[in-house]
Each structure stands twice: as structure tokens, then as C-alpha cells.
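Please build the complete structure, drawing on both the sequences and the hints.
Number of protein chains: 2
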Amino acid sequence: MALHRTGTVSAAAAQLHYGQPTISHHLRRLEVETGSVLLQRVGRGLRLTPDGERLAIRGAEVLALLARAEAELDASTSLQAGQVRLAAFPSAAATLVPAAVSLLARRHPGLGLDLVEAEPPEAAAMLRAGTVDIALTFAYPDQPEADGVTSVTVHEDQLSLVVPRALDPGDGPVDLADFADTRWVTGCERCRGELLALCELAGFTPQIAFASDDYVAVQSLVASGLGVTVLPGLALRAHLHPDVARRPIGGAARAIQITTYGAPPHPAAVEAVAAVLTEVSVA
Amino acid sequence: MALHRTGTVSAAAAQLHYGQPTISHHLRRLEVETGSVLLQRVGRGLRLTPDGERLAIRGAEVLALLARAEAELDASTSLQAGQVRLAAFPSAAATLVPAAVSLLARRHPGLGLDLVEAEPPEAAAMLRAGTVDIALTFAYPDQPEADGVTSVTVHEDQLSLVVPRALDPGDGPVDLADFADTRWVTGCERCRGELLALCELAGFTPQIAFASDDYVAVQSLVASGLGVTVLPGLALRAHLHPDVARRPIGGAARAIQITTYGAPPHPAAVEAVAAVLTEVSVA
DNA sequence: GCATAATCATCGATATGATCGATGTACGCC
DNA sequence: GGCGTACATCGATCATATCGATGATTATGC
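Going line by line, the protein sequences match chains F and E.
Going by the working numbering, the residue at position 201 of the first sequence is 201; the numbering climbs one at a time, nothing skipped.
Going by the working numbering, the residue at position 129 of the second sequence is 129; the numbering climbs one at a time, nothing skipped.
Source of the hints: derived by calculation from the structure; they are not laboratory data.
Beta carbons are placed, not taken as given, at the ideal position from N, Cα and C, and that holds for glycine.
What you were told as hints is all true, and nothing was included just to trick you.
Quick list of simulated restraints, FRET-style, between CB atoms:
#1 F/I208 with E/A60: 52 to 60 angstroms
#2 E/A60 with F/R29: 22 to 30 angstroms
#3 E/S24 with F/I208: 50 to 58 angstroms
#4 E/T8 with F/G43: 51 to 59 angstroms
#5 F/G203 with E/E31: 57 to 65 angstroms
#6 E/E33 with F/G43: 38 to 46 angstroms
#7 E/A60 with F/V32: 24 to 32 angstroms
#8 F/Q83 with E/A64: 22 to 30 angstroms
#9 E/S24 with F/Y18: 28 to 36 angstroms
#10 E/A60 with F/Y18: 24 to 32 angstroms
Laid out in C-alpha cells, this is it:
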């Protein structure tokens, strides 16, 4: 290519900051390797044959492609571009994620975020499969950490008792035992376990009337007097039915975690997303 | 790319017939060179980050481009493709070149020929400038060879006296002196010199009435009785006016040459064109 | 729960190949 | 015909790609 640009081997060598014999050597090797006639001695100079010229043009195309790849990589490294795939559970997707997206857009305008809704075990599987790069998960105190993934707690999500407005127990410490005879509604399967544990601690076994992992549906059921439930803060932040009352349950909380897969260092874009998620969580 | 295909460093090494540490080394160097996080240790294995995966895809594109360039070169070397640019003077363009094109099409169907009409000095300049790869030229015996180019004579082109049919001198040796008092028509500038030399040899100086390098026009002038002329065999093979008669002039001929520039070896496609041009010339 | 197998990182040694400076050869120019 | 320019060749040197052996870490199987 340098020979094509400059016309002489010496000039090509100068342009590439090499010695002249080096270029001669390279050209000879290229001819041997391709088995083609690329050069022709003409007078005291050298000229590219049509084949040689075509090869020089192809070479320029290759270098352009490499430059483009390098530019893409640089843009990604400098957080000017890139797409991060995030898995989040529903109540976080409705609260933390929108806040994070807004903050991310302000801080790194070129960075994009792909959101997938997934419950924690599903999210861990997606991390392992490489479907997503990072996940927002939650865990209850006694639950074992999912296998292979790394979780960092960024927020303690207070659990609250949720009752029909008419049954509001008022301020002060909540005693779940007051609702031992009431019918109960529970959320997802994992939350059900926590609910049972809390009630057992209060000295009774709740009568489960209905179960749904949709926190809007659960609140509607409570509002219409079908029972009471326990919901985490994020779910209530996302949506609070006007006809229900909420009272924090002392010492009951779930941990909101940022979960990743594999050992650091993580790509800069992933770290940037982790940073904004952390910020919007502690706030 | 091999890592992207196989999933593990060891498998990639096996596929590339390299040792495992070699691949590890390459990957590490690539990360340092790009300054990006391309890999992530995960369990006892290794995984490409999104950036790494994109780079692997770009690499495949680069390799595809290189393969395409190599295929082009191979096709050209094996005479399955290529374009050869040929300069030829008008009477050869009308006679030898069509025959050569036909033979070339039969022998190397993939090879293409670009024809440019050019008189010999012009053709030599085009060879030097690299505008054409090979040329058909002619030269009169006493003319010096053009500078820098290499010419090989492939045909002796007999010169003939061309007269109006009414003045046909009949068979037997032609004596130009018989036409000393006739008006003369001459061809191109270089042919004019040869005509003057022939006439001087015959003992007279011709009276030039008209000059043109168009052999069709010249024959028309002769046919209409405006004078007589000398034309080479190729011009008469290309076009013979019905109202003129032709008689070979003993010992008078021009050399038809294949002319190239620069030292051998020439590209295979150029040699192939030279071969067919030689064959159709001797026939 | 412990042994085993698998995977990748590190290290030192080797060999291949790139690069350079010096020199030789061919050509054009004055 | 001498001189300068341009490329080819040669031998020496240096960088680096590669390998085998080994170590660290993790998943798997009994």
C-alpha cells in the first residue's frame, strides 16, 4: 500500500519509518506467498502490476475495517457507546431502573440500556448464559446466595404490612399476631416463604387465600377486603392503592442486590451501569 | 475468533494447531493493545465480553475480506479472471485484434481485453505511463526502437502499391518509377517517410497531393483517380476498395511488433494476450 | 467431603523471522 | 563516460512467537 501511495520503495520505507531493505523484503515475501506477479522492475524503479494495485486497494479496505473495529472498541471503552443488558425484577424495573436510565442518559449519553424483566433465579441463569451483563436481584436474609454469581447489596428494602384502609392499625409497632385470624394474600413463591417465616415468628400460621407475584393485583385484592399481605418498599413505591394502608414491619427487609457473573474487571460500560444503579438505590 | 467459535482457550488452541499458552498469550496481548476488557474469567473457564464478541465478529469480516482478495489474485494468476489493456494501431485493431479476442475468449473465457487505438509512439507513451499493459506497434526497418519499451516482431507486413483499377500494372515486379509523374497520396506521418525512401530508391521524388492516416479515406482518394499510394498489408486486409488494384513491392515491409514495458516476468494474463496476438499474427 | 480432572496463567528456553547497516548492481542523467 | 539514484543482497542483531513444564483455581464424581 505504501508503494502504491508513494511510487518508490525508498519513499514507502521513509513513510513507514522503516529501512529500504525491509520494504524490499516484505514485497518479495508477499509475491512468494501469493504466488503472483505483483511488481515489475522498470528502469531503475519498481511498478505495481494491475494485480499488485488491486491487492493494494484490498489492503486499504482491510485497514479501514480494522480502524473501524478499533474505533468501535475505543468508543465503548470511553463509554461513548455500547449497550448494556440488564435484568431486573418487576418492582425494581418500575422504580430503580427508570431512575437509573435517566441518570445514565445524563452521564453517558452514548450508552444504551436493554431491560429484561426477570425474577432473581431467572436473572442468575441469564447471567450465566450470557444473555444479560448485569442484574438487579433481591434476597431474603436466610436465603443462600445463588451459585456462580456475585451479588452486592445496595439497599435494604423494608417490608410492610399492607391492609385495607378500614383495618389500619395506626402508628406504632406492628404486631402480625393481630392478623392471625385474617385471610392472607401472598406474592411470589420466594416471598411466600418469607411471609410464613414472619408469621411463625409472631406465633401463628397464616391462612393463604390467594397468591400472585403482581404487586398491583395483590393490592387490589387487599383493597377489596379479601385479606392482608406483606409487600416490600419498592413494590409500594411503584404503586400504592388508595384503599390500602401500609405499616413497616420492624426488622423485616429484603436485600436489593446488584448481581454480576464472572470475575472483575468488568467492562467499563457495565461498571458505569452498576454505579448509577447503586446511586439511585441508596437515595 | 477461535475462542468465540469454540468457547475455551484449549479448544481454540487445538483448532488452530497451537499450544494453549500461545492462545492465552495472544489474548492477553490483544487486551493490552486495545486497552479494552475483552475477556472475563468465569469459573474455571473464560468468556468473551460483549466487546470481545464484537471484536471477534469484526475479525471474521477482516478475514473474509482477505480471503476474497486472495481468491481474486488466484483467479487472476490462473487466468480465470483479469483485464488486460491493449493499445493497437488502427489497421491492427481492425484485423489482428478481433482475431486475437476471439481466440482469447475461447482459450481463457474469464480474461477480458480493453482495446485502445493508438499509433506506435503514443502506444509507447501509454505503456510508460501504465495506461496500458501491452501494445501492438509497427516499425519501419530504419526506425530506431522506442525508448524504454521492449518490442518483439511477430509479423512482416508487406507493403503494396495501390493504384486505381484502371492503372493496374498487372502481375510481375512493380517498378515505382513507372508512377514518377503520378500524384501521390500518403498515410500517416511515419508512413510518409517510408514512402519517400522507397521513391528515392526508385530514383524520383513523389509529388504528394494528399495525406491522411485513414486507410479507408486514402483508398477512396486513389479509387477516384486522385493519385496512387503505398499501403501495408494489414490496412488492405482490413479494407480493400473495389476500384483499386494492389501490387506487392518487393523488399518493402514494416515490422508488426508486440511491445511491452518493464522487465519480465510479466503477469500471466499479459503473457496470455501476447501469445494469442503472436498466433494470429503469424497465421 | 475429598480426590480428581479440567481449565487457564506463568515461566524459562528456543527458534523463527523482522529489521538494520553495509555493500553490490543496474539504470538514468548530465 | 562519470555520477547519483533506486533497488537487491548479505550478515548480524534483536524482538517475539511458540512450546513444554508447572502452578493456581474451579468444577465434578465417588
